[in-house]
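Top line first, the protein sequences correspond to chains D and Y.
Going by this note's numbering, the first sequence opens with residue 1, and the numbers climb by one from there.
Going by this note's numbering, the second sequence opens with residue 75, and the numbers climb by one from there.
By construction, these hints were calculated from the structure, which means they are not laboratory data.
Given the structure is predicted, the values throughout are model-derived calculations rather than measurements.
Check before you lean on any hint, since a few could be wrong.
To be verified - Chain D is faced by these chain Y residues, among others (derived, beta-carbon under 8 Å):
1) Asp-110
2) Gly-126
3) Arg-130
4) Ala-173
5) Leu-175
6) Ala-178
7) Leu-180
8) Pro-211
9) Tyr-220
10) Gly-247
Ideal Cβ positions, reconstructed from N, Cα and C, are used throughout, including at glycine.
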Amino acid sequence: MKARVLIRPKDGILDPQGQAVERALPALGFGGAANVRVGRLVELDVEDGSRLDEMCERLLANPLIEDYEVQVIE
Amino acid sequence: MKFGVVRFPGSCDEVDALMACRRFADAEILWHGDRDLAGVDAVVIPGGFSYGDYLRVGAIARFSPVMEAVKAHVLAGGPVLGICNGFQVLCEAGLLPGALLPNAGLRFLCRQVDVEVVNSDTPFTRACAAGDTLSIPVKHTTGRYYAPEETLREMDAHGQIILRYATGCNPNGSLADVAGVVNRDGNVMGLMPHPEHAVDPLTGSADGSCIFQSLMDHVEEGPARLAEARA
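Starting from the given sequences, assemble the full structure and let the hints guide the process.
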């Protein structure tokens, strides 16, 4: 199966990258964007989808500082 | 006494660390694929970009064979010092609390900073006095120390925050000005500043020497001298 893991900084953790993007948007005329957070996307094919959470906990994300969300694509 | 300095693919400060260690004792390079530590007394995980910093800084290095041996060394009470990327690796490996995040200012920083010794009762700072200010360079992009508030409180209560950036010198937005920490047992230390780049007055400061001196004293004289000094 094909899966997609979305990883983002946990709420409450300062995300200077997100802030920089947020500041850049109005400069290009895109007003009204707020709470920009920049994360990471990992796509993978797996034989056994039941182990995706464990993969995230142990390697793909650092649960201390990041939240992750697993999406099964097909 | 012998230091072992781990070299991962992508390490870049291992030779400076080796040379700093050799001012005080024997030292040799350990390869990331080694499964034993060749009898060294203290391990240094140096700075650099282990495994290209892929995924997250330090995330891949913790799975290398040598890290199993490092974990066994820690469990046996042996001292381990992680500098910069080494600090990141030790946090990812769960040997130190917390994590390192991108600098608050997003820039790569390369400058001399003042750090204050908060706790001199550790194998890494026993040659210093609490309150000493050390001038040591930092050079990193991902050095903002983070730990959840409760963890940070516990660490503070147990004397685990052993180095703080001096007032006005926090370069990266680290919580509570944390520059260096130890684990609860006190035998694993991580710090973002580079003591191995500050061991010769020629480079502007030799203040980093006290970290290596402390480790040598710890191994050569054992923890007893510390207890005597306290009594």
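Structure-based check of each hint:
Taking 8 Å as the C-beta contact cut-off toward chain D, the hint placing Y:Asp-110 at the interface is violated, the least distance being around 25 Å. Checking Y:Gly-126 against chain D: minimum C-beta separation of about 15 Å lies over 8 Å; hint violated. Given the 8 Å rule on beta carbons, the hint for Y:Arg-130 holds: about 6 Å separates it from the nearest Cβ of chain D. With 8 Å as the threshold, the beta carbon of Y:Ala-173 comes within range of chain D, its nearest partner Cβ sitting at about 5 Å, so the hint holds.
Hint status for Y:Leu-175 relative to chain D: holds, with the closest Cβ pair at about 6 Å, below 8 Å. Here the hint on Y:Ala-178 is kept, as its CB sits about 5 Å from the closest CB of chain D, short of 8 Å. Because the closest C-beta pair between Y:Leu-180 and chain D is about 5 Å apart, less than 8 Å, the hint holds. Interface hint at Y:Pro-211: violated, since its Cβ lies 22 Å from the closest Cβ of chain D, which is beyond the 8 Å cut-off.
For Y:Tyr-220, the interface hint holds, the least distance from its beta-carbon to any beta-carbon of chain D being 6 Å, beneath 8 Å. With a least beta-carbon distance of about 7 Å to chain D, the hint placing Y:Gly-247 at the interface is held under the 8 Å criterion.
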